[in-house]
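Enquirer: Below, each chain spelled out in residue letters.
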Amino acid sequence: MAEVILKVTNLQKSYDDKKVVKGVSFDVRRGEVFGILGPNGAGKTTTLEMIETLRPIDSGSVTLDGVDVAREPQKIRYLIGVQLQSTAFMDKVKLTELLDQQAAAYGERVDSHALLKDVNLDDKASSFVEELSGGQKQRFSIAAALVHQPKVFFMDEPTTGLDPQARRNLWALVNKIKAKGTTIILTTHYMEEAEQLCDRVAIMDKGQIIKLNTPKNLVDELLEKGFKKERRVEQANLEDVFMDLTGKGLHA
Amino acid sequence: MHKSLLAITTFAKISIRRYFRDRVAIFFTVVFPLIFLFVFGGIFGKNSSSAFHVAVINQSSEAFAQKFDGQLKAEKIFKVDPKVTTLSSAKDKMSRSELDATIVLPPDFGSLKGKTYPSGIAQVYYDVNDEQAATTVTSILQGQFETINTELIKNPTPFKVQTQKTNIGGLSRFDYTFSGLLGFSILGLGVFGPTNYFPQMKKQGVLRRLHITPLRPWEFFTASVLSNAVIGIFSIGIMFIVAMTVFHFHMTGNILNLVVMIVLGILSIFGIGLAIGGWAKNENQAAPLANIITFPMMFLSGTFFPRFLMPEWLQHITTFLPLTPVIDGIRQVATEGKSLVEVGPQIGLIAIWTVIIYAIAFRVFRWE
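Residue numbers (the working numbering), protein chains in the order written: chain A, 1 to 252; chain B, 1 to 368.
Think of the hints as simulated: they come from the structure by calculation, not from any bench. This structure is a prediction, so every number in the text was calculated from the model and none was measured. Don't take each hint at face value.
[Unchecked claim] Using C-beta positions, here's what the derived DEER-type ranges look like:
| no. | chain 1 | residue 1 | chain 2 | residue 2 | range |
| --- | --- | --- | --- | --- | --- |
| 1 | A | Ala70 | B | Ser4 | 21 to 27 Å |
| 2 | B | Phe362 | A | Lys180 | 55 to 61 Å |
| 3 | A | Asp163 | B | Val260 | 27 to 33 Å |
| 4 | A | Ala70 | B | His2 | 46 to 52 Å |
| 5 | A | Thr214 | B | Arg363 | 44 to 50 Å |
| 6 | A | Arg71 | B | Leu5 | 25 to 31 Å |
| 7 | A | Asp163 | B | Gly237 | 48 to 54 Å |
| 8 | A | Arg71 | B | Arg363 | 20 to 26 Å |
| 9 | B | Leu5 | A | Asp163 | 40 to 46 Å |
| 10 | A | Met243 | B | Leu5 | 46 to 52 Å |
| 11 | A | Ala172 | B | Arg21 | 30 to 36 Å |
Here a beta-carbon is modelled for each residue, glycine too, at the ideal position from N, C-alpha and C.
Just chain B, with the same shape it has in the complex (with noise of 0.2 Å):
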């Protein structure tokens, strides 16, 4: 036993020395899983989505024109593109979607028309496609006007309305996305990286060479599966710090939980490596099988986007693939806070597929 706790923490530290020094390791842990966090981070960090992108085009030269359209741009709801100024270019870019509507300002409008008090009406034009949003910016329009009017005319109001935000601690959608890129993250660490390395080490005959030493099989496995844990809680740890301080994640689980809900990932996902590698005897053969296998995950796991927009059917299958229990449990222990004790169904499949994962691996391994 004493020789095997050697063996195996000797070969872990080594392994682990020597991801340090492969940069192209350090870039595919690491640099790349950061790429995808600032891709995803950059479309559902940012709650730009209840913003409306508009163009204000204001034909009109009235004093209360000029103060109505510095009102419009100082509006948070409204995005206003600075560049547009006509109507084509407006309506070029509205076909495109890069606009929600747009704002237009008639040359007579607020004037006095012979009255005490400007008037005019503004036009919302929008494409086809975009009728709900043109239906909010109308109704947004309409209710400053609401209170320009009671302003400039004193009635009386009995009824109004007020509208008032809820979403104290929620998930923000990047929350929801996080998660499912940790687990991105764990697919790649756990099975690309085995599936290419062991098949080169069989070919070079650095296993070989192992297998000519006493050596057995679940030392190296569980050296290999402990070095793997360290470097993933390392490329996890650099992901989380970036999403905590460039992203706003809001963090509210217990970490020491999370760093356990982490590393019974890694164990189960690795093993699917673990397995691939160990099997084939050069990477053809690990290649199409590593793809075979992770592709449905990568996209039905609740990598990129989250389950619950499949359709039920298939939310209940893909409840079930290995990747599903270790995002959701991941997500439910850092977003939601739950306990482990909670995320005991998540940690129950874990356990079976880690059992079935690496009986198939111990089956199947072969030194060269």
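One chain only, chain A, in its complex shape (with noise of 0.2 Å):
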């Protein structure tokens, strides 16, 4: 087994006397895709807010890379990048200048172009953001997110709101990501993406992890339980048809 590189154990929050996290615990493997999966309000963005530093953690304890979060969170956040649900970035001001502003609050000087040609926004570089499709802020965030090469990569809710084509160069980016070893962990609504893009998911619900395992094992104990779903072969469905007709290229 790989080596752990995020120990959560007994995490907990409540706001006004009311609980939202009821002791989370779980640990996230170097390298590979983790997916928290769970309805809204289920309490992953508040869990996901306490290992980024951006709440306080009420009890429990969270371990990245040998570092606690509680008490060297300024530490943790040279490790980390997170790709937030919201892609407001500053406007009128060039992607160029947005990398290289990202980069120079951890310190450092990048090679903004470079970073661009990585998510395939070499073309953009000297647009502002507010000039760019949906898809492209979201590629774009992501290359934001990673400016300082982070160990553990966050992706709130991804691909929400992006079309099929948008949504399947997201995925093919997240593997180019997981391929270069950075250890990813992301919040998804859409189960076909979890099955996809994650080696291990761990389902939320009420504050609190309910099932933890790969989607494969999950599905395997749902059939040995004797869960038997109507099943109709289907050569094709309608999203294949789409993506026949409109193709897959990254103008998304």
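Taking the hints as your guide, dock the two standalone chains into a single complex.
Expert: Laid out in structure tokens, this is it:
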């Protein structure tokens, strides 16, 4: 088994006497894509925000690459990259300038053109964020979150609101980032996405993790219980038609 | 330390570039103060206060009356309204204070009346509210008549009065007003700017994105102050150029001292905007607070009218408002040529306010 890079132990959080996260524990291994699934209000975002140093931890502990989050948040910030749900950047600032600025926040200088090339946005170097499409914005925010080459990369619902092509592009990008050895922790509403990308998934509900395993094992477990789905073997579905007609180009 | 420096300079550089791409921001920081400059320059700029607005109604056809009429119109101290030809329209205008007085030359003005020289009585009409102006107009007329009289009848005149102007190097009203306008500009730049865009950046999640990076609030503050100072010098520089070329502003002080004064002013006043904008979660919280804090300063710190016009007790209180030492300091350096040591009390007061304001700003700042 690979080494553990993130260890979360009995994490708790309440707002005005209401427990939002009720003792969450899990380990993430170095280099894997770890998915957190769950309905809205399950406590996914709050859990991630505590790990990301954005919210104080009520009780429990989080250790990331050997560093305690509550004790040394400033150190943690150098280790993690976060792609936020809202893709807001300052307007009237060029993409290259935004990357320079993001890198400067870590005290680094970067080759912003090369970083844009990694996410297929090198032709947009002098554009402003407000001129990009939804998929382009999402790819750019990934480039921005990775300027300092973090060890752990958090993605919050990366494909929500994207069209099928843009979604597939993004999946390809996630796999590319994984191939470089970055550990990825993502939340999503799309089960297909979790199945495609994640090595392991944790399913959260009402502030607790109710299941944690590989997608395949979870499906097998369900089948072992005798679950039967009305199965109809399709040769193709409407999405395949759409993809066939509109192509998979990167112009999304 | 090196990392902080890179972060600060990069953030400042990019926000300055962003400013020059933002037409709305340029309007509020350059065009808007210029509009105020032209309005107040128009009011105080020309020394029109020393000229009297009069109407001359000549009812006489005598040659002397025609000549005297022309002489009045050429007189610099009078601004003759050429549109007024009847006494009733003159009275109408006097009641609205558009005219200070009306000079009427009656039909027999300048006739010989069987003598060798012309004579007559000029009449001065004035509104009850303009008694002072009328007295001055009358004495000016008397002076002119005296000169004519001595030419017509050679009489010895043992005593005479001579008047001379002495305002060499003195402050014109515009000079005084201009530093107030600069104060207004610094106030707008430093308070209304950040209280507007900080909550906006919070709402859009721009600051949240910075929150997840190791960037510290003080680095972010320093970069903001730096870019604001550059933008402020740019905007105020333009105001200076316009003031000197269009309104003949008398710049007597050392330009370097003045830049120091202005930067200190920007630094301390910008802290107010930083504190409010950094604290507020949204515009609804920021705007009322910004107004409550800036409006008293706008009227009591000598922005639009000099503080010496206020009752004494109010002058004592307003001395200690954060904007007052900024305006006083700038005026004393720019128009009175004082050194930085001579404006020490002002700089000291600015320093005290800066410490207080930034201590508050750091305490209340939140990224989201």
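Enquirer: So, for every hint listed, does it hold in this structure?
Expert: Now the hints, each set against the structure:
no.	hint	result
1	A:Ala70 x B:Ser4: 21 to 27 Å	24 Å, holds
2	B:Phe362 x A:Lys180: 55 to 61 Å	39 Å, violated
3	A:Asp163 x B:Val260: 27 to 33 Å	57 Å, violated
4	A:Ala70 x B:His2: 46 to 52 Å	28 Å, violated
5	A:Thr214 x B:Arg363: 44 to 50 Å	48 Å, holds
6	A:Arg71 x B:Leu5: 25 to 31 Å	27 Å, holds
7	A:Asp163 x B:Gly237: 48 to 54 Å	49 Å, holds
8	A:Arg71 x B:Arg363: 20 to 26 Å	23 Å, holds
9	B:Leu5 x A:Asp163: 40 to 46 Å	43 Å, holds
10	A:Met243 x B:Leu5: 46 to 52 Å	50 Å, holds
11	A:Ala172 x B:Arg21: 30 to 36 Å	34 Å, holds
Checked against the numbered hints above, the structure breaks hints 2, 3, 4 and satisfies the rest.
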